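Mapping of the sequence shown onto mature numbering (1 follows the signal peptide of the UniProt record, and there is no 0): residues -18 to -1, 1 to 969, in sequence order.
Read the hints as simulated data drawn from the structure, not as lab findings. Some clues are possibly wrong.
[What the hints assert, rightly or not] Straight-line C-alpha distance at most 27 Å; calculated BS3-like pairs for lysine-lysine:
hint: 1; residue 1: K221; residue 2: K240
hint: 2; residue 1: K400; residue 2: K908
hint: 3; residue 1: K503; residue 2: K400
hint: 4; residue 1: K594; residue 2: K621
hint: 5; residue 1: K617; residue 2: K368
hint: 6; residue 1: K400; residue 2: K298
hint: 7; residue 1: K636; residue 2: K671
hint: 8; residue 1: K400; residue 2: K380
hint: 9; residue 1: K625; residue 2: K459
hint: 10; residue 1: K153; residue 2: K88
hint: 11; residue 1: K119; residue 2: K88
hint: 12; residue 1: K852; residue 2: K871
hint: 13; residue 1: K871; residue 2: K782
hint: 14; residue 1: K119; residue 2: K153
hint: 15; residue 1: K240; residue 2: K298
hint: 16; residue 1: K179; residue 2: K119
hint: 17; residue 1: K767; residue 2: K871
hint: 18; residue 1: K908; residue 2: K947
hint: 19; residue 1: K153; residue 2: K368
hint: 20; residue 1: K594; residue 2: K626
hint: 21; residue 1: K767; residue 2: K671
hint: 22; residue 1: K400; residue 2: K372
hint: 23; residue 1: K459; residue 2: K503
[Said to hold, decoys possible] Now the in silico label distances, taken between C-beta atoms and shown as ranges:
hint: 24; residue 1: K671; residue 2: P219; range: 54 to 60 Å
hint: 25; residue 1: P366; residue 2: V487; range: 31 to 37 Å
hint: 26; residue 1: V637; residue 2: G290; range: 57 to 63 Å
Note that the structure is predicted; figures quoted are calculated from it, not measured. C-beta atoms are modelled at their ideal positions from N, C-alpha and C, and glycine is treated no differently.
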Amino acid sequence: MFFLPTLFLSLSVSFCLTETVMDTRTATAELGWISFPANGWEEVSGYDENLNTIRTYQVCNVFEPSQNNWLLTTYIDRRAAQRIYVEIRFTVRDCASIPSVLGSCKETFNLYYLETDRTVSDGIKGVEYWANAPFLKVDTIAADESFSQVDFGGRLMKVNTEVRSFGPLSKGRGFHLAFQDLGACMSLLAVRVFYKKCPSIVQNFAFFPETLTGAESTSLVIARGSCIPNAEEVDVPIKLYCNGDGEWMVPIGSCSCKAGYEPDNGNVCRACPQGTFKSFQGPGLCQQCPPNSRSTIEAATLCGCRNGYYRGDMDKPEDLCTSVPSAPRNVVSVVNQTSVMLEWHSPRDTGHRDDLSYNLLCRRCHSNERRACQPCDDSVVFVPGKQALKETRVEISKLRAHTSYTFDIQAVNGVSNKSPYPAQQLSINITTNQAAPSAVPIMHQVSSTSRSFSLSWPPPEQPNGIILDYEIRYYDKSSVLNSSMVLSETPNVVLEGLRPGTGYVVQVRARTVAGYGAYSKDMLFQTLTDDEYKSELGQQLSLIAGSLVGGVCIVSLVAIAIICTRRRQLKESVYGDKLQHLSEGHSSPGVKIYIDPFTYEDPNEAVREFAKEIDPSCVKIEEVIGSGEFGEVYKGRLKPVGKKEIPVAIKTLKVGYSERQRRDFLSEASIMGQFDQPNIIRLEGVVTKSRPTMIITEFMENGALDSFLRQNDGQFPVIQLVGMLRGIASGMRYLAEMSYVHRDLAARNILVNSNLVCKVSDFGLSRYLEEDTSDPTYTSSLGGKIPVRWTAPEAIAYRKFTSASDVWSYGIVTWEVMSYGERPYWDMSNQDVINAIEQDFRLPAPMDCPVVLHQLMLDCWQKDRNARPKFPDIVSMLDKMIRNPASLKAGTNNMVPGPPHHPLLDRGAPDLSRVSSVEDWLAALKMTQYRDSFLGSGFTSLPLVTQITAEDLQRIGVSLAGHQKKILTSVQLMRHQADDQSPTESV
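Work out the full structure: start from the sequences and follow the hints.
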């Protein structure tokens, strides 16, 4: 054999991350590879440049023909790699430099591999195995350089380094390499087997782990990334692609440092130090806290404002903290009869904000007692407004004459609602001068003949003094220029000398010592024709003649008996219960009487008579605000032709309705269309000639009274609640005068507008008493669904619905208002409520309810319906309370009375003796919004809570006076209950 010298050369470092699975240079013992035939490859030991022992294989059978020498490595674990790289360092002798060599000399060799799960036995050495083994060829490898002779003089021999790869590997956990020599004189100096992978990396604040390359050199392997600590995803998914060369490429998605952390060196998110903050996620750096704020922790996302400074709802975290403004200055007033002009200077301190505005509070005071003031009437007009004023000037009109007023001008800005203290304000007192009366609101025709008619009218809403007389102006509607005038010292007149069958336009105005007020709006009244008058007169003469024949006395007695019998039959009949109108003997001149639309043969005729048909093109539906029995309820806009656009509520009839459902749906419009009073919901009109069928009413911004009160618990003074009750009573007085019985008067059926005016609505129970889904009902023995908690006992038992039963319901509404929307009788069952009422138990006074108001409730709940007050009486009583606010303070009920005598009274207040934690106590009071404030201020246990004071409540942020009273009263009650359970008391 021709032996070759062993040569050495160190490997160059690859630019990518590699993982070696076999390297012959590290072997310290024989490699133990299988060779065939025995005289083929030969293992030889040698030394490298560091004198380390290495093992090599040589073959040089160039003098024998037909060489086929195989060399098989030991088993190599591929470690899940799909593509393997083989680096071979070898030398090859130039065939031309070998003397007497045969023509079969080669300067190349072949590289194969064999996938397998186990080691090939070294006993397999037969020719048959090597001829049939399932080797896969990688490549034929040729030397770039060969040497011609061995030089022992120190010259470096030519060493070749070749790298080949193969794959994909998937059939086994490992493989063998095989080298085939076909007649070369060569030496394998070193064989290194490895695979490539992309290294772990942090890029775009995301960590990507080491990732093996793919099966092909062109493969791209997806690696999923995860955000480094204190970073959050920006775009997802987060991934990189590992290519066949072990390099990362094509980044997709990224992370960034979250709020409170800033980037450091591109791969770390560092917490913001104290005194700095970062309010957003992203690449920005921490900022110093803005003026009047501070941060005392690391990783702050917001700097908290110092005491007395706040941020507005629209302020950014980087904005400085600001304060509330000081009071306005130097107010000047100019009084002109019943109008006043106010001007003032802006505050000295605006709180370092540019969103300053002003609110005006108006109070009317008695001239003899300045402290007895009450809120101004809703009719007072403020131009340009009384809330959120930007200018320092306002004109106030429609005040009462010779009346003292107090105006409070508040300066507010974007953080005034954050401060626990009231807004700084400037007050001014003024007294109005004499003024002419306001216009007469309406006129009524009492009677009519062919030559005259009789008219009456109510006095002006603002007489502004004593009415001296009235001036009536009238003219034939066909001759506008020829008008006549008469005077009357009373609010009625008979106009005579008129033409038969003619329409006359009439106006009236009132006069005081200050002069005449404005004329009323035009009203058209008609005289009878001669034929109509003769017919009516003939009927009257016939009646008189019959009376003379039969005797005036006898006829009168018989007539009285007939009328009384008829009235009794009407009252007791089902039809009479539906009609809901008084007999003619009870009606006063000029008063409208309610007419039940179901008395019409065709109910559609009632709709046409009482409700205005609206062109659907004038209606714009905006958004759904609720749902009713018949369909959706929407908020929308109504733009009548030639008039200003107004907001409205729109009830719609759902698709697929029956004719009866349509009739019942429109009946409410037929009822509402008969009413015209400020405290009754106003019907704008109906849409019946196109779909969907709609009922359109005025829009009430604050919705139902019960939910409105619950949302604003404790935020109104008692005098304002009484004003709301007065509005409800005024509306019910009007309904009673029209002989209409509501039957479902409850806070949920009272609507509230933006000026806190309460209006009676929902006339759905006027006929059928259908079940209300929001409150449990009770089926009476006579049939029909009744809202038990609001209904008088005689109505539950005998279905006797009258204005007196509405008064009972009004007492329940009063209780709801004073308790801020509490559920009447709490969680008692309907039957328990009925039994308790039968035993003469009544609801206790709500917390902080004045005695006079609770007495009014008890009067409304008299068992004898004839003993209950009438609605005119209730309005008078409330007016007296409003004129004398001191009566609402005397004897205020601050606590549920001593030991309860009935289960009904036990529910008047929560049993605080069973409350075990501060959270439970606040939940019982419905004050859970203050939980964090109490716990954060150190009131973590009930014994500590019982020591709380009003100053403590102000400090921890309970600023509403109603909430303070409720909490302090509860604390006092807890102390009493604790005393009642003490051992001494028990003994």
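Right, here's what the structure says about each hint:
no. : hint                    : result
1   : K221 / K240             : holds (19 Å)
2   : K400 / K908             : holds (22 Å)
3   : K503 / K400             : violated (48 Å)
4   : K594 / K621             : holds (14 Å)
5   : K617 / K368             : holds (25 Å)
6   : K400 / K298             : holds (15 Å)
7   : K636 / K671             : holds (15 Å)
8   : K400 / K380             : violated (34 Å)
9   : K625 / K459             : holds (24 Å)
10  : K153 / K88              : violated (33 Å)
11  : K119 / K88              : holds (18 Å)
12  : K852 / K871             : holds (25 Å)
13  : K871 / K782             : violated (37 Å)
14  : K119 / K153             : holds (16 Å)
15  : K240 / K298             : holds (17 Å)
16  : K179 / K119             : holds (24 Å)
17  : K767 / K871             : violated (40 Å)
18  : K908 / K947             : holds (13 Å)
19  : K153 / K368             : violated (86 Å)
20  : K594 / K626             : holds (17 Å)
21  : K767 / K671             : violated (33 Å)
22  : K400 / K372             : holds (20 Å)
23  : K459 / K503             : holds (14 Å)
24  : K671 / P219: 54 to 60 Å : holds (58 Å)
25  : P366 / V487: 31 to 37 Å : holds (36 Å)
26  : V637 / G290: 57 to 63 Å : holds (59 Å)
In this structure, the hints that do not hold are numbers 3, 8, 10, 13, 17, 19, 21, in rising order.
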